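Protein chains: 2
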Amino acid sequence: MQLLKDREQELRDRHGITFRITGIASRRLGWISDPSGIDARGAADASSAMPQQPAHTLSGIQDWLAAAQADVLFEATSLNVHTGQPAVDHIRAALNHGAHAITANKGPIVHAYRELRDLAAAKNKRFLFESTVMDGVPIFSFFDQLPAIRLQGFHGILNSTTNVILTEMENGLTFDEARKKAQSLGIAGYDAAVKTAALITVLMDVPIKLEEIERKGIRNLSAEAVRAAKKDARPYKLICRAKKTNEEQGITATVRPEQIPQTDPMSQIAGTSSYIYFETDIFPGLALTEENPGLYATAYGMLADFVRAGT
Amino acid sequence: MQLLKDREQELRDRHGITFRITGIASRRLGWISDPSGIDARGAADASSAMPQQPAHTLSGIQDWLAAAQADVLFEATSLNVHTGQPAVDHIRAALNHGAHAITANKGPIVHAYRELRDLAAAKNKRFLFESTVMDGVPIFSFFDQLPAIRLQGFHGILNSTTNVILTEMENGLTFDEARKKAQSLGIAGYDAAVKTAALITVLMDVPIKLEEIERKGIRNLSAEAVRAAKKDARPYKLICRAKKTNEEQGITATVRPEQIPQTDPMSQIAGTSSYIYFETDIFPGLALTEENPGLYATAYGMLADFVRAGT
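Heads up: the sequence lines are chains A and B, in that order.
In this text, residue positions in the first sequence follow this note's numbering: the first is 1, and each later residue adds one.
In this text, residue positions in the second sequence follow this note's numbering: the first is 1, and each later residue adds one.
Be a bit skeptical, because a hint or two may be false.
Pairs count within a copy or across copies, as identical chains cannot be separated in the list.
[Said to hold, decoys possible] Pairs of lysine-lysine residues, derived as BS3-like cross-links and limited to a Cα-Cα distance of at most 30 Å, are as follows: (1) 243 - 5; (2) 180 - 216; (3) 5 - 244; (4) 216 - 5; (5) 244 - 181; (6) 209 - 5; (7) 216 - 243; (8) 123 - 209; (9) 243 - 123; (10) 244 - 216; (11) 243 - 230; (12) 244 - 180; (13) 244 - 209; (14) 123 - 180.
To be clear, the hints were calculated from the coordinates, so they are not data collected in a lab.
Please read all numbers here as calculations on a predicted model, not as lab measurements.
Based on the sequences and whatever the hints tell you, model everything.
In structure tokens form, the structure reads like this:
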């Protein structure tokens, strides 16, 4: 919301988009709505100062969307790896209500991509999720700009928490110290696999289950092994890989620590940076690198989706 | 045209685009047109077998566009660094005729970007040029997907001929032998500067003249210096750089050989690969790498522009 405020003038002048926030929902605030506009910063401040009963409480997402007269939903619940809920329900409700749905949650892509994509098309609304992989870097939109191309595989480094931990271990910490320093592991190693599944589902149009991705975390790497690998100029990185097989809709995918030779750009991806390398028929190797994303990178992905929805 | 034929079915099925070639113009063929469709391969074969008088000769581009009833012009004349002609005239004529204009020629961007962009907008047609920088990698379209972002600078390796020459010199050839092996230097070092100017003009919205780019080629590097630099793990690369200054519309830009440390991904860009690193407010470092582009990479850029124009 900070970024939305910051760029309000640019959105109006350059993209012809004006907006007002007519609903906010969170565990703390409940379901707030006011079609004439809410002072979002005020609401957030009030809530962080003191939990309070919001002015309008509504029973659920459908009532709330109707009360807010929502044109666009920003969905930012946290990831449920196993079901994709409640994000799937929120997005479905928004599209059925007639609003565009923008999410930063990977769950709905893995669990309901085709349904939500088709529902959005039927309602002539957009289902957008550019914040889900590589922060806000427009990976999915980049592929929209590669018409009639065939994606045969990809590999990359997509989870920054594990990458920060490995870098800290190289610098002398144990796994537990490094993990603590990296703050939150999120959902313990699932993040990279969920991103890999999202890319396969959308860009290769093959729905894949998380269980079908061979998954190995960095937890069993000893600090000694990590430091020895770094010294040997073949550092460990948690690498995502996907590759088409010869079978129809066949994909093999792995997420696991690999030692990367110095000649591979992935050996240089440290800390919170990320990297993806696409193998396509026209461009045998097309790579995107995001170095040290700014604080607003993920929020920016949602803002950019908002512009896409509005134009 | 080969690629267009190859992807004909995909264009129809996935993008709802059907087409026929109704005009061809070249020095050898003259101005050929037939609104009912031309067998392009037949025409090209006939011409390579034996120069012949084409069936319909017309006096110039306007008559030819009218006779062909053109909806889209593919412009692929060679670069005139100093004037951008005749490509500028061709594109202007196409837009005035009411056709989309797609070019693989960088000259019109450097010499007439704003005029052609505004003319295209006035005619509600597209002026597209995704083949001009980094073969067909959709760099400009990538920025269309980064709304409200501020580009502060960029650097990269954009000319593959000089890069091939440097690689060959590292492997033991002299400059002249390497240049011969790399076949054509194009227009001797201008290519990278013209690409740099094109990126500045379009992505930073600052029209810049070629003379304003500080330009130094690789011609004066001795083979010994190139090999010593490589051995020292700081290889020479021809690097393009642009940076906003504090002044309004101020830009400094250079194209010159630089020694690149091994920790910089540019040190790994060899042969025909290319690389660009963008500095933006949201993403401090966002890089695109194109490794060993396929034969059809540039043609693909025009095909993708064709899809953009048609949708």
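Okay, the hints, checked on the actual structure:
1. 243 - 5: between (42 Å within a copy, 27 Å between copies)
2. 180 - 216: Cα proximity of residue 180 and residue 216: one copy only (20 Å, versus 50 Å across).
3. 5 - 244: between (43 Å within a copy, 25 Å between copies)
4. 216 - 5: The answer is neither: 41 Å in one copy and 44 Å across copies each exceed 30 Å.
5. 244 - 181: neither (37 Å within a copy, 36 Å between copies)
6. 209 - 5: neither (38 Å within a copy, 37 Å between copies)
7. 216 - 243: Within one copy, since 17 Å is at most 30 Å while 42 Å is not.
8. 123 - 209: Classified as within; 27 Å inside a copy, 48 Å across copies.
9. 243 - 123: Answer is neither: 33 Å inside a copy and 44 Å across each miss the 30 Å cutoff.
10. 244 - 216: Answer is within: at 20 Å inside a copy they meet the 30 Å cutoff, but 44 Å across does not.
11. 243 - 230: Answer is within; shortest intra-copy Cα gap is 27 Å, inter-copy 34 Å.
12. 244 - 180: Result: close neither inside a copy nor across copies, 37 Å intra and 39 Å inter.
13. 244 - 209: within (15 Å within a copy, 46 Å between copies)
14. 123 - 180: neither (45 Å within a copy, 59 Å between copies)
Consistency note: the structure conflicts with the earlier hints numbered 4, 5, 6, 9, 12, 14.
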